[in-house]
Each structure stands twice: as C-alpha cells, then as structure tokens.
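Two independent chains are provided; combine them into the complex using the hints.
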Amino acid sequence: MQEIHIVDLRRLTQLVKEKYNYDLTNYAMSSFKRRISRILELYNFKGLDALTKKVEEDPVFFEEFLSEITVNVTEMFRDPPFWRELKEKIIPNILLNHQKISIWHAGCSSGEEVYSMAILLKEMGILDNARIVATDIDDRIIEIAKSGIYLAKNMDLNRKNYVRFEGNSSFDDYYKEKDGKIYMDKSLVQSVSYRKHDLVTGPIFSKFDLVLCRNVMIYFNQSLQNDVLKKLHESTFKYGYLAIGSKESLIWCEIANKFIVVNNEEKIYKKIKE
Amino acid sequence: MRFDNLSNKYKAVVIGGSAGSFQGITKILSGIPENFPIPIIMCLHRLKHVRNGFMEALNIKSVKNVIEPFDKQKIKKGEVYLAPANYHLCIELGHYFALSTEEMVNNSRPAIDITLETAAYAYKDKLVGILLSGANRDGAKGMKYIHDRGGITIVQNPDECMIDTMPSAALKITPIDYTLTIENIIKFLNQLSKQY
Ligand SMILES: C[S@@+](CC[C@H](N)C(=O)[O-])C[C@H]1O[C@@H](n2cnc3c(N)ncnc32)[C@H](O)[C@@H]1O
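So the protein lines, in turn, are chains V and Y.
If you read the first sequence in the working numbering, its first letter stands for residue 12, the second for the next number, and so on.
If you read the second sequence in the working numbering, its first letter stands for residue 6, the second for the next number, and so on.
Just chain Y, same shape as in the assembly (with noise of 0.2 Å):
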C-alpha cells in the first residue's frame, strides 16, 4: 500500500468507532509503533454507566498507554486518549481538552462527531480522521468536517465491518481519503509514523 499526501504536518489523529470496532481498534493499537509521534485521540461507544473496564481492556494489548483525560488537560505528542464514559470529549483551540455532560448526540454521550468536529476545528488541516465499524450514523457529519478544513479522512472497509452502517454513512456525504482494512490501517499509521 502507498500513501501519497504524507508528512510530518500532522499534529493529532482521531479515531472513532463504535460496534464491532472493538477488535479493530485493540489491533490498531497493538501495531502502532511505540513511539508514535502525534497524540492518538478515540472516541468509541460505550456503556454510559460503567466507568472503569474499558480503558484498561484497551490497555491490554495496546503498546502506549491508554489514558482518560481530565477535563482541561493538555494534549501531548504520543500519547493515546479516550473519552470517557458519559461525557463528551471535545478539544479546544491551544490543544486541550473539555469535557461535557450535554443532552447525547446521535444517541450517544460521548458522541464521536462532537469529538471529530472540535478536533477539526483546533487542528484545521492537520488532522487525520479515522472511522471505524459502528451500526449508526455518529461521525459521518464529523468526517465531513474534517475533510471540509482540509484534513485526512479515512473510513475501515465496509466489507470488513462487523456492521458497516457508520463507514457508510461517512461514505454517502464525504470525500473519504482512504478506504481501508484494520491491516492497511496500521500500515498508513506506521507510514505516517516514519514522516518525523
């Protein structure tokens, strides 16, 4: 696989996904090189209720450390974030994060276009957008957005989706950069990786 339009321009990478991106994304994490350059920053469908679990079955596999931020903390180079459970994780221009216990969005607190949509904003064009498997519509708006501010968008293939309803929906309303297996996910991030 060849990635053309990359560099070390990029500051930040959000991931969002939501059933049956479970796997894809603990695969993801494991085959990241460990000293990864940019912050890695996921939104990912959870159950609103249960805060501990998640982050640390993320750990286990994952070569960086997973973390949940705070709100108002500020975003480093390498380090992997996930919002966490019942709040919506959004970041601010001077790369920091807020968090926010407002009404959910598409059904889900956190919601990953609000995620998307706030990093586009803070790090214009250069971010890259990834969605994953998921079986409704958050996120296809905030690829949009990304890819409206001039980042890089990036859905995994509908035909390896456990459900495939999310890439789609992307797919229907955006220009999608690069449409790619969890496998060729990995690679991309490993080139991108090799660009600093």
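Only chain V is shown next, with the shape it has when bound in the complex (with noise of 0.2 Å):
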C-alpha cells in the first residue's frame, strides 16, 4: 500500500470543496486517510492523483465517494445502559413539561439508532407523541435506514443489545425475517422524516427537545467538532437535552459552559444557556 501524503489529500478536499459544496478538510486524519486508502484498493486506482481526477471528471462517481468515506457502522441499542438511562430518566423528564417529544438523529447511519428509539418510545408508550427527524450526509445509508432491511447476521448482537437495555417485549416481535435478511417493522418509523444533511455545510433546520449526535463528530477534528457543537447547540431547545457517544467528551469544547452533565458515564448534556 502506498503513502498517502497530506498535501494530496489537501488538493482532493479542496476539490471537492469547490465542485461539490462538501467540506471535508477538517475530518480527523487518521481516520480519513485509512477511508481513502481503502477507496484506492476498493476501485483499484493507481494513486490519490487518479482517484481526484475521477472525483473531479463524474459526480455520480462522487456520490459513492462520500458513501465510501464516512464511517456508517452501527447497532441498535449501542451502550444499553444509555437507553436505559434515556427511558427512565430523559424520556420522563422532557415530557413533565410537554406532551409532545421532538428528537433528531444527527448522523442515523442506516437507522438502528432510530429504531432502537421507536421500540423505546412505543415500548413507553408515547411513540405516537413524538416527532422524530433522521438525518445523515450520506444519501445511501439514508436509503438503507428508509427501507429498514438488515442482515440478519447482525441480529444477535441487536437482540443481545435490547435484552441488556432491559426492554419489555420481544425483540423478535420487531422485525421479520426472510431469505436471510430481517425487514423491520416500519409502523415503528411510520412518522420519522429521513433527510439528507450536511452537519458541516448545512443549515439549522429546527429545535429539538433531545438531539442525538453519537459516533459522528469523532470523525471531525478538534476545530471542526467546535463549529458542529454550536449548530448541535442551536438546534437544542433550552433545557433540552443532547447525547453524545460514550467515549466523545464536551469538556474541551468552547460551548461546554452551556451545557451541565446529566449523566457522565452516558454522555447526557442538558443545556442550560443560550
């Protein structure tokens, strides 16, 4: 495998930058490299000059591009305890004051998060009080989260998930399988609106009630995590509430005295400042 050289990738971003409105120079490095280099094998390009210039010669080639270079590995219920924490304490809290609930998924991937959420919500019964919108920067895996079809290898380790999270029916209930694939039950996300959005780039949309922004901004440097923050920050109601993965932190952060701890082991902010 040959070396990726920060200077060429600076060319391809700024292309990409120029041609197609994404920005994508303040991705942390490690990660990004390895993404690129994986592109290189996967389409058996000769180089990173080759590879720019088809980025730069075919859009459509472009868009499989972007869905190659995020990272869209997910679970349904990932860090039980977090669930667990959103279905006795949050979830309770947010509705003391209203009846009505609104979340956003910022970076669904292909919608396990979403799910894992519904089945909560309708476990609770309130997923009719609720509006959910689902967004991610990568159109396919927006497609995938749509048509909510999964492979059914992955379906223990869901299972596994949900029986830790201590959920009140049977997972099974949820989906069906068939031919080796697992079809959700969609009148969970009947009312969730998917959309394609640039946490980067794009515009401030709405507030929400609870924001969900987990595993996401670990793939943004330091500077660009900063500016997501703030957007995070602005789509979140007062004394809303907003979650980030276990293991991403506020602390450094230039926005954190606007936000208390909820819950430190799960990531839990509420904002407290606008």
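These are calculated hints, taken from the structure and not from any lab test.
For clarity, every value in this text was computed on a predicted model and none was experimentally measured.
Ideal Cβ placement from N, Cα and C applies to all residues, glycine included.
Take these hints with a grain of salt, some might be off.
[To be verified] Below are the DSBU-like pairs computed for lysine-lysine, each with C-alpha atoms no more than 30 Å apart in a straight line: (1) Y/LYS53 to V/LYS187; (2) Y/LYS79 to V/LYS269; (3) V/LYS241 to Y/LYS79.
[Unchecked claim] Sample of chain Y residues facing chain V (criterion: CB under 8 Å; computed from the structure): (4) MET60; (5) GLU61; (6) ILE72; (7) PHE75; (8) ASP76; (9) LYS77; (10) PRO89; (11) TYR92; (12) CYS95; (13) GLU97; (14) ALA103; (15) SER105; (16) THR106; (17) GLU107; (18) THR123.
Structure (structure tokens):
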C-alpha cells in the first residue's frame, strides 16, 4: 500500500469543496486517510491523483465516494445503559413539561439508532407523541435506513443489546426474517422524517427536545467539532438534551459552559444557556 | 541484559496484546517504575460489548493509573492509556487520540495494527513497539510499520507465550530488535526510564 501524503489529500478535499460544496478538510486525519486508502484499493486506483481526477470528472462517482468516505458502522441499542437512562430519566423529564417530544438523530447512518428509539418510545406508550427527524450526509445509507432492511447476521448483537437494555417486550416481535434478511416493522418509523443533511455545511433547520449525535463527531478534528457543537447547541431547546457517543467529550469545546452534565457515563448533557 | 540503542529520544511506548497477554501486561504494569517518563499506549483485544471491567482489572496491580482516553484527548507524558471497547484507537499528528468505529481489522476492534501504525506515523523513530502473546496476526503489520519508521520493535519470546501466533507473525515479516521474556521487557522499560 502506498503512502498517502497530506498535501495531496488537501488537493482532493479542496476540489470536493469547490465543486460539490462538501467540506471534508477538517475530518480527523488518521481515519480519513484510511478511508481514502480503502477507496484506492476498492476501485483499484493507481494513486490519489487518479482518484482526484475521477472525483473531478464524474459526479455520479462522487456520490459513491462520499458514501465510502463515511463510516456507517452502527448497532441497535448501542450502549444499553444509555438507552435505559433515556427511558428512565431523560424522556420522562422532557414529558414533565410538555406532552410532545421532538427528537433529532444527527448522523443516523442505516437507522438502527432510530429503530431503537422508536421501540423504546413504543414500549413507553408514547411513540405517537414523538416527532422524529433522522439525518445523515450519506444518501445511500439513508435509503437503507428508510428501507428498514438489515442483514440477519447483525441481529444477534442487536438482540443482545436489547436484552441488556431491559426492553419489556420480545425483540423478535419487531421484525420478520426472510432469506437471510431482516424486515423491520415499519409502522415503528412511519412518522419519522428521514432527510439528507450535512452537519458541516448544512443549515440549522429546527429545534428539538433531544438531539442524538453519537459517534459522528469522532470523525471530525477538534476545530470542526467546535463548529458542529455550536450548531447542535442552537438546534436544542433551552433545557433540552444533547447526547454524544460514550467516548466523546464536551470538556474541551468552547460551548461546554452552556451545558451541564446530566449523565457523565452515558454522555448526556442538558442545555442551560442560549 | 544489555540494551544498546537506548536514549531519551523516545516519546512513547505502544503495546499490543491478545489471547494470553493479560498476565504479561499485568506484570509489566506492576514492574515499571512509578515515574515512568513517557506515555504507554495499550491496544489489547477485549470483549467488544463489555465497556467496563477491563481497565479496572488492569488497575488492580498497576503502579500507574490506567485510563481509557476520550476522542481527541491529548496524550500526556507518563500516562498509561488503554484502547476502549469497540473503538479503534488512533494517534494523530500533534500527539492526541482519535477514536473510530470503522469496520473491524483482523477481526478486531480495537485493532492493534491501527494503533501501532498511527502511532508510528505520529512518533516516527521515537517510538517503542511491544507485541505480546496472541492468537491472530493483528499487530504484525503495525510492527513492520514501526520498524520501517525507525522505531524500536520488541516481541514477547514466543517460547514464553501462551499462544505465539502474534509475535511469530511479526517476526516473519519484519526485523525485530529484541525478542524478550516479560521479565526482560520489564528490565528494558526500567533501563529506558533511566535515560530521562
Ligand atoms: C458511525 S455512524 C454513527 C451511527 C449512530 N449514530 C451510532 O452511534 O451508532 C457515523 C455517521 O455520521 C455520518 N456523517 C459523517 N459526516 C457527516 C456530516 N458532515 N453530516 C452528517 N452526517 C455525517 C456518516 O455518514 C455516518 O452514517
């Protein structure tokens, strides 16, 4: 495998920015480089120059490129104690003050997180009171999220997570299996709005009681994390909640003082200042 | 045991381990001096979906506090870090961590190759890489990367390993500076410590 030089990467990200209006310049370098090497191998490019040229000349390929650059690995009920905390404390708290709850999954990937939320809300008997928006930068992965069709081999892990979350139903009731594929019960997400949205260049489009942006900002460098966190802050109602991945932290970011920690282990924060 | 090329130029130690390495790691962590001067970064294969317990187990006998870093946490002198469950642990230029949930590498997440390779990229010839007992080939490529960039490479003596696939795989694809028992790895680290 050939070495990838940062200057050459800059040329590629600059091109992407100018031609397609996506800003990848502040993605975390080590994983970004590995994504690029992976694409070089996957499509048998001779080198970074060849890839850059293809991206420049072929907008259809660019969509594929964008899809491969992003890391979409996800699971249902990832970090079961996090989901328990939502069920037992966070969501009941939000519902103390109003009857409806609005939720944004920022970087929803293939939608497992959205199904987890829908199942949780259904089991609490409040699915109909929820407005859920799920967004991602990657068109192709949103299509999978919308389809609700997953690989059967991932279901073992999902079920284990559900059991550790202590769901009060039988996980297998939420899907049907056919020919090695899983068809989720789509009535769970019938009112979810799936949209393409780029956290880096996209607008602030609404406000929510609960924003989940888990394992998305780990792919950004610190300065971009700061910028995106500002947007997430603006998209959260005062006294609403922001949840990030269990190994991410707000401590170092500029707007940390506008949040208080509600659960440090599960990385759930409450917005206390505009 | 004498180790020739030691100096205070080294800025970090990375350790990879898998099946059969727990005991060795525990011994190393209890055998290093309390004032060990540079960071130790460990990537050990572990249960993917058990977040808690492993770091605590290592901490029981360790002379230094072992921590699982957060994404973008700065790497500090003398700290001991452990790759968290279900995340790859990368080291960025500028010496801070970045986590990733990318696909598994060598059937592993965290993958030792990723930690070793990114560490070699960030620390260049100022890195010491140590590979312990293990049942797969994860870490071999990473050790080659460390060697190619001029760092020191050490593997646990295969004769002493519970399962020697991992150090043997490294020995096959790259020159290894020292093949050592755990006891001598501890001696090495103590001598290294005296250079500062
Ligand atoms: C590892 S997945 C996280 C999925 C889920 N939240 C979880 O924690 O399991 C990261 C997702 O972030 C998305 N992403 C990356 N950059 C983005 C951006 N600039 N705007 C919106 N989504 C982005 C990727 O497409 C990917 O689906």
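field: Hint numbers not upheld by this structure, sorted from lowest to highest
entry: 4, 5, 6
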